[in-house]
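Trainee: Spelled out from the first residue to the last, the chains are:
Protein chains: 2
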Amino acid sequence: MGILAGGGDLPGRLVEACRATGREFFVIAFEGEDSEPIPEVAAARVGVGAVGKTLKLLHDEGCEEVVLAGPIKRPALKSLKLDWRGARLLPKVAAAKGDNALLSVVLDALEGEGFRVIGADDLLPQLLAPEGTLGRHRPSEEDLRDIDRGSQILRALGPYDIGQAVVLEEGRVLGIEAAEGTRALLDRIPSLKLAAGRGVLVKLAKPGQDRRVDRPAIGESTVRQAAEAGLAGIAVEAGGAIIIDLQSVTATADELGLFVVGIVPTEA
Amino acid sequence: MGILAGGGDLPGRLVEACRATGREFFVIAFEGEDSEPIPEVAAARVGVGAVGKTLKLLHDEGCEEVVLAGPIKRPALKSLKLDWRGARLLPKVAAAKGDNALLSVVLDALEGEGFRVIGADDLLPQLLAPEGTLGRHRPSEEDLRDIDRGSQILRALGPYDIGQAVVLEEGRVLGIEAAEGTRALLDRIPSLKLAAGRGVLVKLAKPGQDRRVDRPAIGESTVRQAAEAGLAGIAVEAGGAIIIDLQSVTATADELGLFVVGIVPTEA
Chain P
1 MGILAGGGDL PGRLVEACRA TGREFFVIAF EGEDSEPIPE VAAARVGVGA
51 VGKTLKLLHD EGCEEVVLAG PIKRPALKSL KLDWRGARLL PKVAAAKGDN
101 ALLSVVLDAL EGEGFRVIGA DDLLPQLLAP EGTLGRHRPS EEDLRDIDRG
151 SQILRALGPY DIGQAVVLEE GRVLGIEAAE GTRALLDRIP SLKLAAGRGV
201 LVKLAKPGQD RRVDRPAIGE STVRQAAEAG LAGIAVEAGG AIIIDLQSVT
251 ATADELGLFV VGIVPTEA
Chain X
1 MGILAGGGDL PGRLVEACRA TGREFFVIAF EGEDSEPIPE VAAARVGVGA
51 VGKTLKLLHD EGCEEVVLAG PIKRPALKSL KLDWRGARLL PKVAAAKGDN
101 ALLSVVLDAL EGEGFRVIGA DDLLPQLLAP EGTLGRHRPS EEDLRDIDRG
151 SQILRALGPY DIGQAVVLEE GRVLGIEAAE GTRALLDRIP SLKLAAGRGV
201 LVKLAKPGQD RRVDRPAIGE STVRQAAEAG LAGIAVEAGG AIIIDLQSVT
251 ATADELGLFV VGIVPTEA
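Chains P and X are the protein sequences, given in the same order.
At position 87 of the first sequence (counting the first as 1) the number is 87 in our numbering, and the numbers step up by one without a gap.
At position 218 of the second sequence (counting the first as 1) the number is 218 in our numbering, and the numbers step up by one without a gap.
Bound conformation, chain P alone:
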């Protein structure tokens, strides 16, 4: 099992899962500008552009399956430092419009080398968000209306390969995530809100998204960021989004007074 690790807690969870089941694993972490702290479990660190080196490491370690875990920041072209194998992919990368398209190029390259690419939730099915409310706090009627409206907006954006998150407060759309990520979205919310303790973060998978990569994910840090942003709670797609450590997410939400709910969005 080769684990291509981005930021966040997901790579660590996958390592735990491999250890628990006695599965062999090899973690490659990607070094990027502004990247999250490199996971401690990484056995190797490579640049995002070092495609040949990455493939060689996976082959040398005898990996048969590969899982992509956690967000990998798309770097500026000038700092990409492509190796020879990476340079051969460049025309396809340059033609990739949007992040889904880019990830498809990466998946094709991995599969072209004979690796089987699986999703983090194939390893850990319990990562997928369950339907219904987690923990003590429940969305209000107003919150439910915001969640429904937020779902509609994300569905409307579906054809354009844009972000997976939106923040609403009592019918008003405070922010939509594009390339900046959920943390940056939440960071700008407090100055836009009318009152603290209201509003929701809605995170859904993009329609047509390859579910082996880039599933929307929340963890304890997301709950803390949502609380700092002054929101009432978080809604994620049941069976579509990953909740990294359900127990700590639930405990943190209970402690901070937020609801976390798994929803089944109505089709557009």
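Worth flagging that the hints you see were computed from the coordinates, not collected in a lab.
The reader is advised that the hints may include incorrect statements.
Which copy? The list can't say, so a pair holds if one copy fits it or any two copies do.
No more than 20 Å apart at the CA atoms, straight line, and that leaves these computed lysine to any residue pairs for SDA-like [to be verified]: (1) 92 x 194; (2) 92 x 195; (3) 56 x 114; (4) 53 x 90.
Following the hints, position chain X against chain P.
Mentor: Just chain X now, kept in the frame of chain P:
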């Protein structure tokens, strides 16, 4: 003519237009937290919640027509300081979902008092963006594709009363404006871009938006911000967006190497 002035250069332009045509005018500026510098032409300053005071000032000065000019920041409820007349509007304000709905409440209140509300472009028709390229620089084929895609995205968001701007770079959506405004949108672009000198800002009027208020507007400062964000140019809706001082916008765009183009978006 009563001019209810928000931030930016538009109130000053309207004052110039009134002076040039010998029209009497009275400018009321709104004080808000984090608001733009109060226009120097203001004869009075009131809080956003001082609805009764505002109406009394307009009546006392004998205003028959009222124009809303420039962005007025929606304040947090706790700092709204409603006067008695404002408090009577509160249920309607609280029920207003989205900024269009809120502005409708304001317009209704003004019209209920017997004022005729006109648009800034009724006073200054030359403010409306013309069709075609301004200045020396032209969008590339890639830019035109981004403009078309950006227009489609804004159209898809139309039913949800969300922002009027989107930034794309070679097919990838870097940012969508919601409540944060165009300046904040542009501020976060540099860290998301692949390369400088590429990508476009697209600004369109929201479908169904009351064109007397809150038309999308660009000015010289927008061109400078777009240049700092590393974009190749700006596309605005011809006949729908306001260009504050066409001459300085064109000169600045020429100087900084950006294109500015007025487009007629295809209907969704």
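Trainee: A separate judgement is required for each hint: does it hold in the structure or not?
Mentor: A quick look at each hint next to the structure:
1. 92 x 194: Between copies, since 15 Å is at most 20 Å while 45 Å is not.
2. 92 x 195: Classified as between; 17 Å across copies, 46 Å inside a copy.
3. 56 x 114: The answer is within: 12 Å in one copy meets 20 Å, while 77 Å across copies does not.
4. 53 x 90: within (16 Å within a copy, 63 Å between copies)
Of the numbered hints stated above, none is contradicted by the structure.
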